[in-house]
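For reference, the chains in residue letters:
Protein chains: 2
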Amino acid sequence: MSYNVVVIGATGAVGGEILKILEERNFPVKELRLGATSRSAGKEVVFRGETYRVVETTPEIFDGMDIALFAGGSASKEFARVAAAKGVTVIDNSSAFRLEPDVPLVVPEVNPEDVKWHKGIIANPNCSTIQMVVALKPLHDYGKIKRVVVSTYQAVSGAGIEAIEELKQQVKAYLNGEEAVPSVFPYPIAFNLIPHIDVFQDMYYTKEEWKMVLETQKIMHDPEIKVTATTVRVPVFRSHSESINIETEIKITREKAIELLKKAPGVKVIDNPEEKQYPMPLYASNQDEVFVGRIREDNTIPNGLNLWVVADQLRKGAATNAVQIAELLIKYGCVKQNG
Amino acid sequence: MSYNVVVIGATGAVGGEILKILEERNFPVKELRLGATSRSAGKEVVFRGETYRVVETTPEIFDGMDIALFAGGSASKEFARVAAAKGVTVIDNSSAFRLEPDVPLVVPEVNPEDVKWHKGIIANPNCSTIQMVVALKPLHDYGKIKRVVVSTYQAVSGAGIEAIEELKQQVKAYLNGEEAVPSVFPYPIAFNLIPHIDVFQDMYYTKEEWKMVLETQKIMHDPEIKVTATTVRVPVFRSHSESINIETEIKITREKAIELLKKAPGVKVIDNPEEKQYPMPLYASNQDEVFVGRIREDNTIPNGLNLWVVADQLRKGAATNAVQIAELLIKYGCVKQNG
Chain A
1391 MSYNVVVIGA
1401 TGAVGGEILK
1411 ILEERNFPVK
1421 ELRLGATSRS
1431 AGKEVVFRGE
1441 TYRVVETTPE
1451 IFDGMDIALF
1461 AGGSASKEFA
1471 RVAAAKGVTV
1481 IDNSSAFRLE
1491 PDVPLVVPEV
1501 NPEDVKWHKG
1511 IIANPNCSTI
1521 QMVVALKPLH
1531 DYGKIKRVVV
1541 STYQAVSGAG
1551 IEAIEELKQQ
1561 VKAYLNGEEA
1571 VPSVFPYPIA
1581 FNLIPHIDVF
1591 QDMYYTKEEW
1601 KMVLETQKIM
1611 HDPEIKVTAT
1621 TVRVPVFRSH
1631 SESINIETEI
1641 KITREKAIEL
1651 LKKAPGVKVI
1661 DNPEEKQYPM
1671 PLYASNQDEV
1681 FVGRIREDNT
1691 IPNGLNLWVV
1701 ADQLRKGAAT
1711 NAVQIAELLI
1721 KYGCVKQNG
Chain B
1391 MSYNVVVIGA
1401 TGAVGGEILK
1411 ILEERNFPVK
1421 ELRLGATSRS
1431 AGKEVVFRGE
1441 TYRVVETTPE
1451 IFDGMDIALF
1461 AGGSASKEFA
1471 RVAAAKGVTV
1481 IDNSSAFRLE
1491 PDVPLVVPEV
1501 NPEDVKWHKG
1511 IIANPNCSTI
1521 QMVVALKPLH
1531 DYGKIKRVVV
1541 STYQAVSGAG
1551 IEAIEELKQQ
1561 VKAYLNGEEA
1571 VPSVFPYPIA
1581 FNLIPHIDVF
1591 QDMYYTKEEW
1601 KMVLETQKIM
1611 HDPEIKVTAT
1621 TVRVPVFRSH
1631 SESINIETEI
1641 KITREKAIEL
1651 LKKAPGVKVI
1661 DNPEEKQYPM
1671 PLYASNQDEV
1681 FVGRIREDNT
1691 IPNGLNLWVV
1701 ADQLRKGAAT
1711 NAVQIAELLI
1721 KYGCVKQNG
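Each protein sequence line maps, in turn, to chains A and B.
Under my numbering, the first residue of the first sequence carries the number 1391, and numbering increases by one thereafter.
Under my numbering, the first residue of the second sequence carries the number 1391, and numbering increases by one thereafter.
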């Protein structure tokens, strides 16, 4: 069986990855349509050796489609409900619907069953949240996590293709002795850090920081997991890193954590300090696993653990997770066929 | 009154800053001598408009000197005790003596009185520790800090002049489509993060991480402050940043924290999210203050607080702190004059 698939935001950083991953995983695509803003309409994209023309997203693009993959951005608010109303199963990468009670928020390694109760839209979580919950799930199942203190080191590609170009241009400017001119980010990001991602909200935390708190609780089905986050942009092209400190109800030794993480789906443990082996964004890029290392017991509390978690946020943090959700929907028979 | 001063490691990143700061602060230098390894001997350095020739460090360089400023590295182990035995007051920036019971470990804003009991050597703390304790001291005095969870974002200049050059070369190589060849660091640092600073020690923590634990307790005179650290190298030329979560005995609100930090010596509060104002390494460089921002109450525990702390680790984290110690020694009459 194969499906009519429409990708909205097909020309962006996440959209490009979605197409790559649909191809790599041999996703059963029957008809493919590509939507984008009017600015990107007319661009051509190659998928499985065939050239597709990107069109401006309009309600009609969803007619006869089975699955719509939204890469993120403002198109979601405008068109996701429209698509769902036409019977299309929507997987949405924006933050618009993640906390809606009628929308499941799914990481296939963590809460796969949640796709079953969707009402037309399934939300893909924030990139920083996805890699954190994939790493924390096996530890939570064993020792019940009570509190998480997380500091992020987020790559520029989280802010789109223009952000990648901006870092490149600023580095070039620096080497030529010119000034770095920021446009995507509020300040130069080359050779700098910006402790500000998304808008500021309650209690002086950013929206990115609140996402890590609220999305984690929803995905884990545990409103009692307490998360406090500090999110920081770093001059890395791709793959987010996270320094995570957890407190559990039951003690988890380093050895136990390694054992649990090695068995966990989607996780790869890289933790061999003697050989200087630990996860790094340069080597996590273009891979689907969540890499976990620097696993250390934290003896400042009875049941503490420190972890260093790295993943390609365009893949597992966005596109791969979305395609995995689509695969789950098919597996569970939760996609209505309209084509 | 002026003093005979010898700077050991005068041609390195920290040594160069020491000379700049002695000049800036109009330190009362009578005679100046500059020592380095044999490799750097013969180099010329300008101080207050006069040219000085750097010589290879030998025991004789300390004869007749009053104050010796060691920039760090292996020279400290070889020569600091030798200098002290000759009656020279040594301020040492290496990690060799920091935890010795007969050596005060001093941050002038935190424990100035400790210089008084020196027995020839005063140790300058680790850069990451200095900026953390300057920011935490006023909060500790008010609310008693019980636990600190810190993740660092450390600039390459912490690893010396060669590391600055290495980042530049790797960025250039990247733009030219060439491979980045690491030499100072175990992996490429351009567009990457390396969660490994200094050697691995007990419990899989690095020496850099243990320094933040043990030095903080010694400087604060409080073995009960519990610190857990994750230290990470980032592709920033200069100034270290730290994401710090603290738990206190007495509740500190955001407003109280700002009030305490604004009054604290050596601290500058930059915390105005509406105007996108927060500390960043690019703007902290070449300054002496410790910049504190992103001050947020952490409600996952009764008395929690998150902070983002940035400082120029070559200045306040090393050279400025060392020269401030020398000034304190003079103020307290704790320097023997040999010249």
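Hint data in this document are derived by calculation from the structure and do not stem from the laboratory.
Hints should not be assumed to be uniformly reliable.
Any copy, or any two copies together, can satisfy a pair, since identical chains are not distinguished.
[Said to hold, decoys possible] Subject to a maximum C-alpha distance of 20 Å in a straight line, what follows is the list of computed SDA-like cross-link-like pairs (lysine to any residue):
(1) Lys1646 x Ile1554
(2) Lys1534 x Asn1566
(3) Lys1558 x Val1571
(4) Lys1658 x Leu1604
(5) Lys1410 x Ile1660
(6) Lys1666 x Gln1591
(7) Lys1597 x Ile1640
So, against the hints stated earlier in the document, which numbers end up violated here?
1, 2, 4, 5, 7
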